[in-house]
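Construct the entire structure; sequences and hints are all you get.
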Amino acid sequence: MDINSVITSAEEISTEIVSEVSAEAGGFIGTFFTDFAQGAVDFANKITSPDPDSILNVLEVMGMGMLGIFGVTGVIILIVSLLNNMTSKPRKEKEDK
Amino acid sequence: MNILLQTIMGVQIGHIIMWAIGGLLIYLAIKKDMEPSLLLPMGFGAILVNLPFSGAQAVIDHIFEIGINSHELMPLVLFIGIGAMIDFEPLLTNPKLMLFGAAAQFGIFFTMFLATLLGFDIYDAASVAIIGAADGPTSIFVAQTLNSSYTAAIMVAAYSYMALVPIVQPPIIKLCTTKKERLIKMKNTNKKVSKTTKILFPIIVTVLVGLVAPDAVALIGFLMFGNLIRECGVLNSLSETAQKVLANLITIFLGITIASRMTAAEFLQVETIIIMLLGLVAFVFDTFGGVMLAKFMNLFLKEGNKINPMIGAAGISAFPMASRVVNKMGLEEDKTNFLLMQAVGVNVSGQVASVIAGGLILAFVQG
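Those sequence lines, one after another, are chains A and B. Note that my numbering gives residue 20 to position 20 of the first sequence, counting from 1, and the numbers run on in steps of one. Note that my numbering gives residue 74 to position 74 of the second sequence, counting from 1, and the numbers run on in steps of one.
Everything labelled a hint here was simulated from the structure, so no lab data went into it. Hints should not be assumed to be uniformly reliable.
[Claimed, not checked] Reference listing, derived: stretches of chain A covered by chain B, where coverage requires no fewer than 3 residues with Cβ under 8 Å from a Cβ of chain B:
(1) 52-59
(2) 68-74
(3) 80-86
The beta carbon of each residue, even a glycine, is placed where N, CA and C say it ideally should be.
In structure tokens, the structure reads:
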């Protein structure tokens, strides 16, 4: 029995239970549980069939993103250090004060 | 009579669950003092929009349209206030601390990967991952720009975990560090930063980030504009207004407006639970990233110059909670070990780094 058939049977069972409960409770419950169960089944389907292209794409974004952050940060550190050196008062002036 | 009954009969179980969630947010805000300025309006708003045939929905939808959906106006204006509140001096005296802010964005990218594995498309994965920016306006900005259908869940997760930083971070920090590392004392630098540096910093950062990630220029620009108002020294009245009146005004509307997306139909989905869990993962791996970089750097530093790795955890932008947590943990280990100055420096760098991360994500994902 493969994962898809398990999901399909789970979906059928959950739909059956939910429709019975809904019929009992009428409008108060409405389609809440049916929709939620359907959402869970759809989500399980998505997890079991990840898209390899998306994963490769996101790995690239992950690498480039971390590299980008460290790159920009490095430049900011460099500029701030330069600014600090350029704008700090010379030692002699400090001593005079 | 019929009209009254029609409304009461219109109550669905989804509405009741959302009232309970709204009540929980209000409870956390009032009783536990968790981000009350946002969780309280969000909680009340959640109740407001989940009343059957709610007349408030249209008004709040309208504010959402103007304030958030159309060019993310409210989060951006809030950033002016946040920028005016931040003192970058601890960072400017020791700019190397910025590296920890960068490392602490690891959780964002790791979560993005995880969310993709869980079947979210790349836009939603990026929007969910940005919870790890630990920064409400950035989260809203990115999620809205990428047109995510989970903005409300992302907002609730972002602000809840920001409030939960004192609970989430300590166990992770302890797990990643040894007692010996936690006892490391760091030298306090008594350097002074010139006014010129303080004024030039926001301008330079805006230009630099704008060149690298143009999509983030609004975010970084408004943040740094607020900071420039603060540091220029000639706009004290505007700076005070931005810090208090402006920030408070936007915060009131932001919380209740976000709640417009908290209708039962939109919020009560399996994905909301997954998003809450992914948000936690993002915060955990942010903390991990910051601490591990400090540990790595210590491999190359001489005794006496070593970094207390706990300060790396302050690199998430939840300001000032993260720096307070680190300082408190330092004092718990040794009552004479004050890490607040360094932790605050790392913390404000996390604020800048999270915006850069948001901009880079937008740039890469939107292509």
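The hints, checked one at a time:
1. 52-59: n = 5 at 8 Å, threshold three: holds.
2. 68-74: holds (count 6)
3. 80-86: holds (count 4)
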